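A.B. asks: Here are the chains, one letter per residue:
Number of protein chains: 2
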Amino acid sequence: MSVNADLQKERAAATLDSEDFARWWAGGAFHLEERRALERRFYDDPDFAEAVHPSCLSYKERYEQTVARSTRFLAKLRQWQREKQPQLQLDVSTLRDFRLLLSGSLGTGLFQQSFPLRVHFSMFMTTLLGQGTEEQQAQWLNRSWHMDGVLGTYAQTELGHGTFVRGLETRADYDAERQEFILNTPTQSSYKWWPGGLGNTANVAIVLAQLYVRGKHYGLQSFLVRIRDERTHEPLPGVDVGDIGPRLGGNGVNNGFLGLHDVRIPRNQMLMKNAQVLADGTFVQGRPPLLLYGTMVYVRVITLKDVLFGLLQAATIATRYSVVRRQSRIDGDRPEVSVLDHTTQQAKILPQIARGVCYRLVSDWLWRFYEQVLQQLEGGGQGSATGARGNSLPELHALSCCLKAVATDEATEGVELLRKSCGGHGFLSSANFDSIHGLTAAAYTYEGEYTVLLLQTARFLVRQYVDSLKRKVLPASVSYLRDTARLVWGKDLTANCVRALEISALEQVRQAWQSQNGHKSKKVSAEMASNLAGRQLTSAAIAHAHAFFTRNALEELASLRRKGDLSQNVSHVVGQLVELFVIDTFLRQAGCVLRWNSGINGTQLRFVERRYEELLARLRPNAVALVDGFDFHDRVLGSTLGCHDGRVYERLMEEARRNPVNQEPVNASFHSHLLPMMRGKL
Amino acid sequence: MSVNADLQKERAAATLDSEDFARWWAGGAFHLEERRALERRFYDDPDFAEAVHPSCLSYKERYEQTVARSTRFLAKLRQWQREKQPQLQLDVSTLRDFRLLLSGSLGTGLFQQSFPLRVHFSMFMTTLLGQGTEEQQAQWLNRSWHMDGVLGTYAQTELGHGTFVRGLETRADYDAERQEFILNTPTQSSYKWWPGGLGNTANVAIVLAQLYVRGKHYGLQSFLVRIRDERTHEPLPGVDVGDIGPRLGGNGVNNGFLGLHDVRIPRNQMLMKNAQVLADGTFVQGRPPLLLYGTMVYVRVITLKDVLFGLLQAATIATRYSVVRRQSRIDGDRPEVSVLDHTTQQAKILPQIARGVCYRLVSDWLWRFYEQVLQQLEGGGQGSATGARGNSLPELHALSCCLKAVATDEATEGVELLRKSCGGHGFLSSANFDSIHGLTAAAYTYEGEYTVLLLQTARFLVRQYVDSLKRKVLPASVSYLRDTARLVWGKDLTANCVRALEISALEQVRQAWQSQNGHKSKKVSAEMASNLAGRQLTSAAIAHAHAFFTRNALEELASLRRKGDLSQNVSHVVGQLVELFVIDTFLRQAGCVLRWNSGINGTQLRFVERRYEELLARLRPNAVALVDGFDFHDRVLGSTLGCHDGRVYERLMEEARRNPVNQEPVNASFHSHLLPMMRGKL
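Residue numbers (UniProt numbering), protein chains in the order written: chain Z, 1 to 682; chain L, 1 to 682.
What the hints contain is simulated information worked out from the structure, not anything from laboratory work. In this text, all values refer to a predicted model and were calculated from it rather than measured experimentally. Treat the hints with care, as some may be off.
If several chains are the same, the list does not tell them apart, and a pair holds so long as it fits within one copy or across any two.
[To be verified] Straight-line distance between alpha carbons at most 27 Å, and here's what the computed DSSO-like set of lysine-lysine pairs gives:
(1) K681 / K76
(2) K470 / K520
(3) K305 / K76
(4) K681 / K84
(5) K470 / K523
Take these sequences, add in the hints, and give me the full structure.
C.D. replies: Here it is as structure tokens:
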């Protein structure tokens, strides 16, 4: 198959070596080649070909095809793993590696809308490992790894309860006589709702429930509950289970609901690593679940990687399509130009690429910071976890909250903008923006709702600001809260931008604090004062995220260059991208920046804008080489518009032609409805 | 069925009389009652009950069900019309009224994703009326109205050509010997692509094609082409037709593709009101299609109404759900509060309501202006259409472009924000945000792509600005371009905001003009200079839209009050909404506003923000009464979260339970795939 001529021209003229970039992006030549080999193995396998685009299937058909494909996938993946590493040890890192294969590019290429068994390896097994005792692990872990009679899910969220976890209503009452727990969802709003794979797939659920012993409440605990018969898959007595229905995205997940009515489980199916109920009903509180907290942070760090993945998938599709698509003449009677030659189109696409790359730099840093804090916690034991000075957990928590929130929001917006930049064709499901958007948008809510996360960050920021007034030492990421110097506009443009963003963040934290105090002085409770200052608090957290993203991206770039991790041509282009990201953030935040940096004048702003346009012009010739360098396999993009060969119109037609609705020249509804209507003469 | 207690409380405590509001909103008591009666007639009819949520159906099933439902709908609607008006005259206004029934709230309630036969009454019949000669109308119009053998569509856009209409490739060659046109889509990119109903439904298409007579090109003309046999519905020889596949929204439309290969039609099937090809091939150019231009404007005015409809559907759902949903405690150990009690939630929802109401005020004005201009054109004949002074068509065109573009963009963003404000449940298809978003988002591209429309407006603005330098009289909507006075911050807050927005728009128009000139001075063509100034030009057009929206909303409010159209309690609340809209626009545009109004200081901004928060607090108690006043029938909202009775959790469960995937306790894929995998021990 030939490659579109315009794309070929772009590739030939680029100064960026996309293979060079790809090696860096993949974390080195070895990882790049390993992934490519794995992709070839699976994507060339006819077992994973797709006869019909999933968007044409009914919800039920989609479920059935996803189950069929995913069992084949898991078996073949395990086979590959055994070939590679015959003596595999089952532990946290093995599980993590396996999970990354399921959720990363390999899994995405096969399951654009995810699949029901992923939660078994992510939440279910991770919780077993983290909260199960040694005996419990001996009983369950190996069977789970081999899916030997165990198809797990993790059931926390309820129909009426999400963010406010303490409000969960599902309860587990201990019956000391029979040494059993009795699980109940006593109201409609207490039905479990959302767990992946729960609908029709899982046969065991880890259920979060309020523990009661002899009527006394002992807080939330986790219980292993078999919900379907291992052999027949029939729901067990007292179990009311099903799928919650179609959604904006992730329609392969089989999210489910679960009602429990007097479902009894043996005592040893409460996960008891952290707290125990003895046979006689005595409750023993163990070490508080520090690592649970760590898990929440972990998921947010991973989410940052997930959303930048989606953003760059979308950017790749939009970039290639914008070269292939020609529209409107610029000069006289010459042919219509590539859409990417319109500066307005460049301004839509290139900043998204810059954003994705910078999120990657920051997420790499955040990942290292996370591992440091984990070591701190594991080394220091319980003492270091309670927020004592020198412990970085609160800082990590606050950062992971606001970076996840802001990145998810902006990535989702970016995916939408990129879709819109592809005009009508971007609207088609075969372009795949809808699926990418669905998964990215989901992250806005799951694992910490956007506004809730911002408010958590803001609480931390206000606390640090108050500490700064008391001349305490501040953690590095918020040290700018102490520095009240005004902006001095120097020669380094990016430094000016970052400093202006920091000052804006500082002033907004101050304003939020003052607003809270103002409300408190009117005799409302501290909580109500926080509520009333909600707009200021969330704005402050967003401003902090912007300040951090820009400074950290610059620092990471400098560090990569120092370490010599970037070849010269890659370093050059990544440098332009980081600069574009910093300037773009500055300009997008102009409202706050100008308000809180009244010294910035029109000449300075014009200078920033000119540099912005200059960067667009300089990056333009490398746009295709750049997105080639992300090295998304065509299957991972899953898009008629974004394929490497640029055969856009051919693929659009092919995809349309294989739609089942086009398989018969005349649809049955013509004879049953249209013809009678025409004969009846409306 | 009982109504949710929290909703009841809200309704009891409101100061706004929602029936009062509803009467105004519907355009008077008569219209309100007529619509309600019509809705009862159709929504209570068991013929229009839906056994399965459309999102659970396959694409083909959805098509078939939509056809079945829509034929029933059209027949019953025609029946109702005959009862109401036995002596109906078929003309432009009859057609318009009928179309509004199909696309307005009645049609939306029955077809959330639209239906294939709508285009027959909108584009197909309208074009017949506007471009057909009297003989052609005699031959086709009555049959079309009764769908007597005619199911029409309108085929303009091609796979490779949208915005740049001159670039269309489909051609019609006149064969004088046989007095026929020969139609061809000579390339893949010239396939027609997108027309509604084209896929499997329509049997006649109005095809736009380049006319050639003896090899000479005569521009684009419209041709009536039968594409499917009237009796068998088989595609006719040379016709390659099908559905283009699933999309982000509007999946009931049956958008199609069409290839034509030497398809012959008689000479009298070129629509010849404006230009003729005589039997011998002589081409006669008639009056230029002024009203065509009017049609484009008309569609944009209507689009403004459509997107505000979607925005307010979404706002209604989010408001009711935010009262029913309780989450997080504010004060101590008291129960979790309604989400709407969080100020951050109020800031998400109330400004969207304000925006929708103000868009409505502006669209009413725009509609009147459109009718005025139409009269001007019809009265003045051809002379007044060529842009002579005193003709308002260019002004109307520029306004309709930028208002459609900006309103669509902001409404789409608003729908997304409202969805996100409903957390996880907003993500479910049964909440219906996805469908509303799909239809709103489509308007970003169709009937004038966003950026293209902004650039058209900007060209007008720059022209007017240059005129102002020459001291010419400017049209009313841009008269502020002459007024170079700086902002004087007075007592009237909204006046300050509007003036600041106008100055910002003026300065951005000036900057765009300077930027164009700067590029031109570097010896690039005028077109390339415009391309290079693309960012400044689009920003200027957006700024103009904001200035116009805010000023016009204030003026419309004043005029309604003067005329006594608003009862006192409605006037009070609408006044708060307009003020909120103006301030919200000002604050959202703070970046531009502060850049171009350097005199605004921190105290003034704090004052604006305080007023913003005050308005949120004042509107909060009337939020439910307000959305009740939009009077969306539950069927029109189509949402488990937004129903009038607030039985959110019940409906979520009911909707989940009727999903076909939940009809069998054990899905077949368990035996075929999951069980074998478990037995094989992965």
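A.B. asks: Among all the numbered hints in the text so far, which are the ones the structure does not match?
C.D. replies: Violated: none.
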